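Residue numbers 1 to 273, in the numbering used here, belong to the letters of the sequence shown in order.
Bear in mind the hints are in silico, worked out from the structure with no lab data behind them.
Certain hints may be false.
[What the hints assert, rightly or not] Straight-line C-alpha distance at most 30 Å; calculated BS3-like pairs for lysine-lysine:
#1 K214 / K86
#2 K10 / K133
#3 K133 / K50
#4 K214 / K194
#5 K11 / K86
Please read all numbers here as calculations on a predicted model, not as lab measurements.
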Amino acid sequence: LPVGFVDMVKKFNPNITELELSSNNLTDVPEDIEEFRYLRILRLKYNQLKKLPAVVTRMPQLMVLELSGNQLTRIDDNVGNMNMLKELDLSGNMLTHLSDNLGLLPKLEVLQLENNRLEILPETIGELPSLVKLDISTNSLRFLPASMGNFKRIQRIDCANNLLARVPPSMGHLKLLKEFNLRYNSLDDRYKAKVEEGLSRLLAFLREEEEREKAEEVERLKPIGTPVGAYLEYRCKVEIGQVVKTEAGEITVDNRCWIRSGHTMTQVGNMLL
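Kindly generate the complete structure, drawing on both the sequences and the hints.
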């Protein structure tokens, strides 16, 4: 950008709300751009940016940020500072890492992450309370975070062209979902069949999978006795103690529930009496 660019813009439009800086071969953004206090929309597409400019995260009124077609490889923690952001386009970069702070954006409605190199998404992505549209197509994702079942307003999710074999059963509870694109993945036969049957059948199948997995977990945790003479012996895992802070300092309290010797137990279902 030319020297004095910000001052020149302020001279003609001191309250600028939209700025187009795409296709300028920018490797960074000038710090004094922060003086555009009323800026709502910032377009930085098709430049040479290798990281999210820190100054952009300090613009209090920014609602739309477009960074597609750059050379970004990671999004750091400062992304969580953009409390007013509604649309974030990071498509067409070289992203391999997203900060957990991405989940701190309370007003984010549209998140575009397609055409990157992501192999994993942060678990916090499910904490975005306002997200309506998510595009994570054409990456290298092998699984999705279970937290994605916590989306409250999501309507469209595009997961096409990844390496997914299945999706989290928790996503069966996405009541507002209208579009769920899972084409060109490595889905196992059961999931592939349900996808072909339509969205409502897929979501119902996911809810059934969730119940099945819960039942399997209960069965897995069911105590198994070992014959010892005329009795069955059960081994229990316990935590040795809990650290409690007192005026005298920290002490360890033994909070284990001990079974007294010489007493018998009877198994009734999953309980020991």
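Going down the list of hints, with the structure as the test:
{"no.": "1", "hint": "K214 / K86", "verdict": "violated (36 Å)"}
{"no.": "2", "hint": "K10 / K133", "verdict": "violated (34 Å)"}
{"no.": "3", "hint": "K133 / K50", "verdict": "holds (25 Å)"}
{"no.": "4", "hint": "K214 / K194", "verdict": "holds (21 Å)"}
{"no.": "5", "hint": "K11 / K86", "verdict": "holds (28 Å)"}
Checked against the numbered hints listed earlier, the structure breaks hints 1, 2; every other hint is satisfied.
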